[in-house]
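2 protein chains.
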Amino acid sequence: MTEKKELNITRRAALVGMAGAAGTVLARSAAGQDVQVSGSNRPVAPDDSTKVLGSRWSSDLGQRSPYEALKRVPSGTLSSSETPLQDLHGTITPADLHFERHHAGVPFIDPEKHKLVIHGMVRRPMTFSVSDLKRFPAVSRICFLECSGNLYHDAPEQTTAQLLAGMTSQSEWTGVMVSTLMREVGVSPKSSWFLAEGADAAVLARSIPKQFWDEAMIVYAQNGEAVRPENGYPIRLLNPGCEGNSCVKWLRRMEFSDSPFMTREETSKYTEPVIGEVARQFSLVMDARSIITYPSYPDTIEKGWIEIQGIAWSGRGKITAAEVSTDDGRSWQQAVLQEPVFSKAHARFRHLFNWDGKDTVIMSRAIDESGYVQPNRAEWIAARGPGSGPYHRNPITGWRLMAGGNVVYRVEEWG
Amino acid sequence: MTEKKELNITRRAALVGMAGAAGTVLARSAAGQDVQVSGSNRPVAPDDSTKVLGSRWSSDLGQRSPYEALKRVPSGTLSSSETPLQDLHGTITPADLHFERHHAGVPFIDPEKHKLVIHGMVRRPMTFSVSDLKRFPAVSRICFLECSGNLYHDAPEQTTAQLLAGMTSQSEWTGVMVSTLMREVGVSPKSSWFLAEGADAAVLARSIPKQFWDEAMIVYAQNGEAVRPENGYPIRLLNPGCEGNSCVKWLRRMEFSDSPFMTREETSKYTEPVIGEVARQFSLVMDARSIITYPSYPDTIEKGWIEIQGIAWSGRGKITAAEVSTDDGRSWQQAVLQEPVFSKAHARFRHLFNWDGKDTVIMSRAIDESGYVQPNRAEWIAARGPGSGPYHRNPITGWRLMAGGNVVYRVEEWG
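In order, the protein sequence lines correspond to chains V and Z.
Count along the first sequence from 1, then add 4; that gives the number in my numbering.
Count along the second sequence from 1, then add 4; that gives the number in my numbering.
Bear in mind the hints are in silico, worked out from the structure with no lab data behind them.
Accuracy of the hints is not assured; some may be wrong.
Identical copies look the same in the list; a pair holds intra-copy or inter-copy alike.
Taking lysine-lysine pairs in the DSBU-like style, the calculated list, with each CA pair at most 30 angstroms apart, reads [said to hold, decoys possible]:
1. K119 / K273
2. K273 / K75
3. K119 / K322
4. K273 / K362
5. K55 / K117
6. K117 / K307
The structure displayed is predicted, hence computed values, not measured ones.
Generate coordinates for the entire structure from the input sequences, incorporating the hints supplied.
And the structure:
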C-alpha cells in the first residue's frame, strides 16, 4: 500500500551528496525532520538499521514515519475534507484525519470564554462554562459521524473510497449526557424539541426532536484529547447515528420548545424532495451503509486469495451482517464482522475471495439490527424518487476488478 | 483544566500591536499558524466568533487548538517519554502521545525493504514483507501497553499522574495473529518458545513462551494509521497484557525453539530479585493496576461534589471492579466502570465524592477477573521483598487533598 502514497518532501538540490550515499539528497519533511531522499524523492533509510543509532530520540510529540503521507482531501471551496478510508485499518479515525464540513470556516474560540446557554421551556435557564461541563459525570462512546451528503454520486472510474464516501469517520467521544444537563435545568415535560446553535459565523442551528435525547451527548473530547477545532472545539453536540450537521459544533445555545424551529439548515438545506412532490424534513437518521476499502481504486491486485475489507455502519443500531458479492450482485456471501461491534459505529468486515483473474465487480451491503438492508441504486431511486438528494444517498457501490489487476470504481448513472 | 496548560508559543515582539487589539501580539504556534496572543502569551480569540469568518478552512491534516498543549515528558536520556494521563479523556491514547521506550533510539526503516524472518523449529522457514503481512486476515484489538518499569517510586509531592505512571497507553491495534503465521510456516508441536528480535541498534530480543501465543499479534496499525516510528514502525509484536519490552518493536526475526534464549534483556534486565534470594524471570504479565487521574497534582479543587476519575487495567483479563477510598484507605467504595470494558485494556472509572474541604487522601485499587486485588505498598513489599524492582511495581497510589484545595501526590517511602 505504501507504494501509492506521495511523500510531502521538497528536494533541496543544494544538499545533494551530503547524505553520503550515491543518488541521495537531504530533504526536510513536512514535520521538519531532515531525511535522506533518493532521486525519486523517496526517503533513504539505512541499509541495516541495527548498525546505526536511531534517527529519533524521545520527544514531546510523536511524528508519523516520512514514508506515511496520510491526507484528507479538501474540497475546492475549503468547506469540507474527506477521510482516507482506503488507507485506514481497524475502526478508529485519527483525529487529524476526521472528515470536516463547515459553513463559514472553523471559528477560533477560547475555551475559557466559551459558554453554553440552556433556556426555553426549562425551570432554571443556565449558563455553563466548559469547565462546568467537565465537572458533570462523563461518558465515552465509540461511534461514527457522517455527513448526510456523503456520496460522490457521479463519480468516474478513477475515484478512491475517500472521494466516494470519505465523509464518515469514527472516534471515541467523551462528554456529558444531554439528559444530565436536562435534569439540571429542569426541562418541561411538554418540551419535545430543542434548538442547538453553533458559535461559528454561519450560526448553524438545528432542531433536535425528543426521540434522540436519550443518547445525545455534549462532547469535549475525541480519541482521548480535546475535540479538534474543525470538529467543534471546545464542545459539540453528538447525536449518535444522526447526520453530522445535527451534531452542532461550537455549541453555544440550546433552547427547549414544543415545536421545531424551522431554521435555514432544515428548510433550505438538509431537507430532500421525495416521491409524491413532498419533502423529507428532519431526516436525521443515517441509513445503513457499507463500502469496500480494499481492494479499491487505485489498488492493483493479483490473481489468487484476496482479503476483501471494508466498513459497514448504521444510524439505527448495530450492524448484524455485512454481505459481499464478487459477481456483480448476482450472489452474496456473509463477511466476517470484526468484534466487538458497537451500536451506531463503523464495523470492519473481511471476506476471503479467490480471484480467478477475470473481469468482475465486487460490492458490499450492510444489514442492521432493525432489519434494514442497504439498497442498490435502482432500489434507492424507486423508494425515494429520481429527483431526491443530495442527502441520504446510501446505495451499494462496487469496484470493478479488471483482468490484469487494475481496480476502478464501478460507474453507475444516477437516475 | 485548560488553565494549567502551557502554550508553546514564542512571542514575536516585532509584531506587537499588529493584531489590532490592545495588549495582543501575533505569534506563531508550534503548528506554524499565526495566532494572536495576549501579553501573557495566551492566544486571543475574537470576542464574538459569529461575527468573523473562521480562522481556518478545510485542510489535509488537522491541528490541535492553540489552547491545547498536550505533551509527553521525555526522560533525561531521551530513551523514554510518558503519556499525559491527567489530560486525557476516555480510553484511547492519541498516537503522538503514546509513551515510548527504546534502547538505542528509534530506527529509521523503509517499510518496502523491511522483512520478517520466521525460522527455527518450523517446517518451512519463511520471509515476509510488510505487504505480505497485510494480505493475511487482519484483526483489530483495543488494549493497553505498559512498560514494566512504570512507577516513579520515590516521587515527591509535586508529581503528576504522567510522571508517576505515564508509561501506559492504549490503542486500537491492527495486524495479523501470530497463530496465522505459525500455520503458514508449520511450527513444530515440540516448540514452546519463540525469540522475537527487533531491528533497532539494540537488537532488542525476548523469548516468548507458548502461553502467550494464542493472543499474540504482529501489528502494523495503531488507531487506524500505521504504527508510529517510536512504537515499532513498520511492525511490532503485541502480546496483550504483557510488559511492553516483550512486544518487540521493529520486529525482524522470530525463531521457534523448545527453550528460552536467555537474551540480555531477560537476564541482565527485565528480571527482578524477589524474596528468598531468587529472581523472577519471564515475569511478563502486567499485574492489575489503577490510578486516579482527576483530581491529581497540580489540580486545585473546591469543596463539594467532585467526580473522581481514573483508569484501571490488568494483564490478566478484564477489570471487574475499581474501588475508590476517600479516607486514606480505611474504607472503599465501588466506582462506576465505563462500558464496554475490554480484556487487558484500560477501563475508565468514575466515582462521585462530596468533599468536605478537609485534608484527606484519595486512592484507587483495581480488581481483575482472576480475583487479583491491587496491593498497597506494604503488601507489595511483603510479597516481593524490599529489594525487588524496579519492575512490576503496581502498588496503590494516592493523592492528598489539602484543605484549601491543593492536590499533591501522597508520598510513600519505598521499602
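Status of the hints after comparison with the structure:
{"no.": "1", "hint": "K119 / K273", "result": "within (27 angstroms within a copy, 53 angstroms between copies)"}
{"no.": "2", "hint": "K273 / K75", "result": "within (28 angstroms within a copy, 41 angstroms between copies)"}
{"no.": "3", "hint": "K119 / K322", "result": "neither (34 angstroms within a copy, 39 angstroms between copies)"}
{"no.": "4", "hint": "K273 / K362", "result": "neither (44 angstroms within a copy, 56 angstroms between copies)"}
{"no.": "5", "hint": "K55 / K117", "result": "between (53 angstroms within a copy, 16 angstroms between copies)"}
{"no.": "6", "hint": "K117 / K307", "result": "between (59 angstroms within a copy, 23 angstroms between copies)"}
Hint compliance for this structure: hints 3 and 4 are broken, all remaining hints hold.
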